[in-house]
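Chains as they are written, first to last, in this note's numbering: chain A, 633 to 745; chain B, 135 to 246.
Keep in mind that the hints are not guaranteed to be accurate.
Stated by the list, open to error - Each pair of labels, with its calculated beta carbon distance range:
no., chain 1, residue 1, chain 2, residue 2, range
1, B, K191, A, E711, 36 to 46 Å
2, B, G189, A, A727, 25 to 35 Å
3, A, P693, B, E139, 37 to 47 Å
4, B, V154, A, K689, 31 to 41 Å
5, A, A682, B, L180, 13 to 23 Å
6, B, E139, A, K689, 15 to 25 Å
7, A, K689, B, E213, 28 to 38 Å
8, B, S143, A, E704, 34 to 44 Å
9, A, Y642, B, G189, 37 to 47 Å
10, B, L180, A, M654, 17 to 27 Å
11, B, N201, A, N705, 37 to 47 Å
12, A, G695, B, S143, 25 to 35 Å
13, B, V154, A, T743, 34 to 44 Å
14, B, T212, A, G728, 44 to 54 Å
Treat the hints as calculated values from the structure; they're not laboratory data. All figures in this text were calculated on a predicted structure; none of them were measured in a lab. Virtual Cβ for every residue (Gly too), placed ideally from N, Cα, C.
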Amino acid sequence: DAGITQSPRYKITETGRQVTLMCHQTWSHSYMFWYRQDLGHGLRLIYYSAAADITDKGEVPDGYVVSRSKTENFPLTLESATRSQTSVYFCASSAGLADNEQFFGPGTRLTVL
Amino acid sequence: GENVEQHPSTLSVQEGDSAVIKCTYSDSASNYFPWYKQELGKGPQLIIDIRSNVGEKKDQRIAVTLNKTAKHFSLHITETQPEDSAVYFCAANEKGYSTLTFGKGTMLLVSP
Numbered sequence: 633d634a635g636i637t638q639s640p641r642y643k644i645t646e647t648g649r650q651v652t653l654m655c656h657q658t659w660s661h662s663y664m665f666w667y668r669q670d671l672g673h674g675l676r677l678i679y680y681s682a683a684a685d686i687t688d689k690g691e692v693p694d695g696y697v698v699s700r701s702k703t704e705n706f707p708l709t710l711e712s713a714t715r716s717q718t719s720v721y722f723c724a725s726s727a728g729l730a731d732n733e734q735f736f737g738p739g740t741r742l743t744v745l
Numbered sequence: 135g136e137n138v139e140q141h142p143s144t145l146s147v148q149e150g151d152s153a154v155i156k157c158t159y160s161d162s163a164s165n166y167f168p169w170y171k172q173e174l175g176k177g178p179q180l181i182i183d184i185r186s187n188v189g190e191k192k193d194q195r196i197a198v199t200l201n202k203t204a205k206h207f208s209l210h211i212t213e214t215q216p217e218d219s220a221v222y223f224c225a226a227n228e229k230g231y232s233t234l235t236f237g238k239g240t241m242l243l244v245s246p
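Chain B with its partners taken away, still in its complex shape (with noise of 0.2 Å):
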């Protein structure tokens, strides 16, 4: 099945500077990648999505970047704010298309 790596595990910035967390993925058929959000004491939230006919997609401070090639995928965060602290998850689908393999995640910490 489709196995999904992420790095870095945890991630500290200073508020206002960038963030990148990076994925692979090793299913060459899978075809959309989804990053999902997840605050203390609560489930994961979608915050943006790309597909593989695509190779970047921007919504306000978030990117996501996908390089099919190489088979790896990135979720950029700029001008990063305290809010943005969570625990992110990169995903890929899988299995006829009815699934998705998370990534292990990372935890953003965003200092003041």
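In isolation and in its complexed conformation, chain A is listed as follows (with noise of 0.2 Å):
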């Protein structure tokens, strides 16, 4: 089916091991988004892609790396996961600019214990 979508929707690691977020649009959109949603922070930016193999940093990158060697998918990793990167991550996809409409994945939720 055409969206986006993210992969595992739930996951439960433990701190200091790595884990890596799925997110594939179908619509060769050139811009996607990584945000993470906590309660009282709403949604901050981690990391964005203009474009295949172009990706920067958002309000809140320290402790993510992404790629994007494809542009239909742009993953998340978490080299050393810690607690406090326990949250909702979304994943969202545009065809250009900010001044166009962002697409939301349905979220991955991720327990650090």
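Two chains, two separate frames, one set of hints: put the complex together.
Take a look at the structure:
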């Protein structure tokens, strides 16, 4: 089906482990974004990408790594998970600059024990 | 960078009443202001947006107003219905217009 998907939807891991969250979109949108949502903080941008092989930091990039080898995929890796990274993670995509609608995935709920 | 403040954090209304959510922003260069609605267990979805060249925009029961001088914008929902219950986020563009900065969200509860 067309759209934006995230996997897994739920993940429990332990501190120090590496975790990769996947994001896939079928619209060939050039822009993709990763946000985390925490109570009291709203949506905070972690990383974004303007095109394949072009990525840039957002507001809270520390502890995260991204890559974009293909336009449709934008994985987010926590290289050594910490409890403070327990959150709900949303991927989004848009056709262009910030004045284009962002389409959000369903989210991944990550718990770091 | 851009800073977006959103109030109130929670809002309870009776069905049929109006609801107003207010946001302020800091970057005078911002020129795009969307509103997103997030239902429980789902990702946010765009419901309305406004650009800096207009002061008001309406779409059925929802409207957004923008005051560029005061750097604030508001979401107005009239004749609220229980299905309007959700978290609403305002946002403003920044950083060469590539990204959005979101407010912290408003949980709207519409009671039948």
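Results for each hint:
| no. | hint | verdict |
| --- | --- | --- |
| 1 | B:K191 <-> A:E711: 36 to 46 Å | holds, 43 Å |
| 2 | B:G189 <-> A:A727: 25 to 35 Å | holds, 26 Å |
| 3 | A:P693 <-> B:E139: 37 to 47 Å | violated, 23 Å |
| 4 | B:V154 <-> A:K689: 31 to 41 Å | holds, 35 Å |
| 5 | A:A682 <-> B:L180: 13 to 23 Å | holds, 20 Å |
| 6 | B:E139 <-> A:K689: 15 to 25 Å | holds, 23 Å |
| 7 | A:K689 <-> B:E213: 28 to 38 Å | violated, 43 Å |
| 8 | B:S143 <-> A:E704: 34 to 44 Å | holds, 36 Å |
| 9 | A:Y642 <-> B:G189: 37 to 47 Å | holds, 44 Å |
| 10 | B:L180 <-> A:M654: 17 to 27 Å | holds, 23 Å |
| 11 | B:N201 <-> A:N705: 37 to 47 Å | holds, 41 Å |
| 12 | A:G695 <-> B:S143: 25 to 35 Å | holds, 27 Å |
| 13 | B:V154 <-> A:T743: 34 to 44 Å | holds, 36 Å |
| 14 | B:T212 <-> A:G728: 44 to 54 Å | violated, 32 Å |
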